[in-house]
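K.L.:
One letter stands for each residue in the lines below.
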Amino acid sequence: MDVERILNLPAVEQGRLIRTGQVTSEALTTAYLHRLESVGRKLNAVARTLPDQALEHARIADREIQAGHVRSPIHGVPYGAKDLFAVRNVPCQWGSPAHADQVFPYDAAAIQRLRDAGAVLLAKLAMIELAGGGGYEYASASITGPCLNPWNTERWAGGSSSGSGAAVAAGLVGFALGTETWGSITVPSAFCGITGLRPTYGRISRFGAMALSWTMDKIGPMARTAEDCAALLKILAGPDARDPSASSKRFTYSLGKVPHGLRLGVLPTDFATNGARSAERAFQDACSVFTSRMRAELGEAKLPDFPYDAAADTIISVEGASAFQTLIRSPKLGLLRDRSQQAGLLAGLAIPGVEYLHAMRIRALAAPQAVAIFQQFDALIAPTLLHGAPPVSKSLNESWAHMGGNGGPGNLLGWPSVSVPMGFDEDGLPLGLEIIGAPYEEATILRLAHAFQQETDWHKRVPPAGRP
Amino acid sequence: MQDQVPRKMTRRDLGKAALVAASLGTLAPTGHAIPSPDAPNAAAAIIEHLLGKPMDEELRAYVQAALKDTLATWNKLNIAIPDGTEPAFVFQPVPARISKERTRGR
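If you're matching them up, the sequences are chains A and B in order.
For the first sequence, the positions run 1 to 468 when our numbering is used.
For the second sequence, the positions run 1001 to 1106 when our numbering is used.
Just so you know, not all the hints are guaranteed correct.
Stated by the list, open to error - If you want a taste of the chain A side facing chain B, the calculated C-beta under 7 Å gives, among others: (1) R293; (2) R295; (3) G299; (4) K302; (5) P304; (6) A343; (7) G344; (8) A347; (9) L349; (10) G353; (11) H358; (12) M360; (13) L365.
Simulated from the structure, these hints should not be mistaken for laboratory data.
All residues carry an ideal CB built from backbone N, CA and C; glycine is no exception.
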């Protein structure tokens, strides 16, 4: 089989082709490595490729599968990981010039789980420096430069899991690992036209992943379909003694038919004020898919009134200032590419402890009240963002003014969310639909996302940079 | 390059920092500062104190802008919450591991 033809297929489909002998993991790995070095470098999506290790693991996978030892549905499938996951003895730069020489002598839990499942790590992927913990003004806030969008290289791929989004969209990996503290999986997924899952806080062990905010960081898969995300979450989820937040709740899923009469809450969105006609049209079409094809019932969803964004902002600022305290108090802070990032980290030092605790008390108060919305609705829906990717050199302070989004409550309260492609804006850039669920209800939102993708083909579109 | 961590703060340093903090404004009943126009400047001074060195002019301007945002965020956070509301985390004491030898010895 021509390898070029399967580079943009979903990971579980690639796994099936490897298992049935239609392609080898080694051939797929070789093809992806070539694309990472050619296309990936041009997009600034790559922190580092791992050719020797990847080819060795691919050959082992091929031998195991030939011997009948199949580890998982993604055995032999090559992938990339955001460059904040520790991989033993491989440089891990966190996207930051101040951490250019950093190496860890162990593997992150997520990397280990994927290795045990037989996946092949191809590359560490580009990211915004320190996952943008201090707040950044420009897409260039990364040691690898601004990550370009595979749909239009004059636009940004999104952040902070920039390389993960661009690499999946451009057919440079079978799937990718990303992380989200506030928007870092859903934003690049929406901008790059891929499917990204932000799991419930604590679903996946954070051990070995850079800490920005201990109480808000989440790890999640970025892939081509909801089915891929479900298969990957099944592998990645589970308890880990090295991460006290890692939950022992089991994740099981079934992607069968969505039952009729599912109740979906539509989060309020101001399309008019934000000049978001394309997003409005695409979202209305998406709602029609749910109502007409799945017979879902739509209703207006209003969360109880809490300062979700302000609380999340305060918690991230303080935990980030503590997590990066050594850097902040050293001359290396000046090596960060973005002045706003440096300033934001410094400003975190001045937030009083009582203010942080106030935010954490609001969080405790809001959690049980807000989650009650899932007694009314099975899931919540909204556009992930109101516009496509902004120009790569434009100040994000400007381009974010009318971007919308619902990241604050979901991230503060640890709710899972999946972003799936739902159309394109007037400039031909992808738009995302966000489906948000109750804690530990990933199976519900992934089932909905899968059903949506059975009825639409937005997720099958391949950007110019993704065509072999 | 070796990271340079500023010297440890003394009690007297903390007292000085508290004086600077007081210049941020009076305390409202909920414990939130009412920001004065000088607040970002004063907070920047605290940061310089913590760093043990002055920031360059450009960085100081960026930090003051970030602090203005921070103060705006505090205003949004300023909602009354019931006394006794615990923060969203729990401390768990680590149980001691007492060796069998030690237990037998008693």
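K.L.:
Each hint should be assessed against the structure and marked as holding or not.
P.N.:
Hint by hint, here is what the structure shows:
1. Checking R293 (chain A) against chain B by beta carbon gives a least distance of about 39 Å; that is not within 7 Å, so the hint is violated.
2. Contact between R295 (chain A) and chain B, as hinted, is not supported at the beta carbon level, the nearest pair being about 38 Å apart and thus beyond 7 Å.
3. For G299 (chain A), the interface hint is violated, since its Cβ never comes within 7 Å of a Cβ in chain B; the closest pair sits about 27 Å apart.
4. Because the beta carbon of K302 (chain A) sits about 17 Å from the nearest beta carbon in chain B, more than 7 Å, this interface hint is broken.
5. Against a cut-off of 7 Å between C-beta atoms, the interface hint on P304 (chain A) is violated, since the closest Cβ of chain B lies about 12 Å away.
6. A distance limit of 7 Å between C-beta atoms decides the matter here; for A343 (chain A) the minimum to chain B is near 4 Å, and the interface restraint holds.
7. Residue-level restraint check for G344 (chain A) holds (minimum Cβ-Cβ distance to chain B is 5 Å; threshold 7 Å).
8. Satisfaction of the interface hint for A347 (chain A) is found here, the shortest Cβ-Cβ separation to chain B being roughly 4 Å, below the 7 Å cut-off.
9. Hint status for L349 (chain A): holds, given a least beta-carbon distance of 5 Å to chain B, under 7 Å.
10. For the restraint placing G353 (chain A) at the interface with chain B, the shortest Cβ-Cβ distance is roughly 11 Å, beyond the 7 Å limit, so the hint is violated.
11. Using the Cβ-Cβ criterion of 7 Å, the hint placing H358 (chain A) at the interface with chain B is satisfied: the shortest such distance is roughly 6 Å.
12. About 3 Å separates the beta-carbon of M360 (chain A) from the nearest beta-carbon of chain B, less than 7 Å, and the hint is met.
13. Because the closest C-beta pair between L365 (chain A) and chain B is about 5 Å apart, less than 7 Å, the hint holds.
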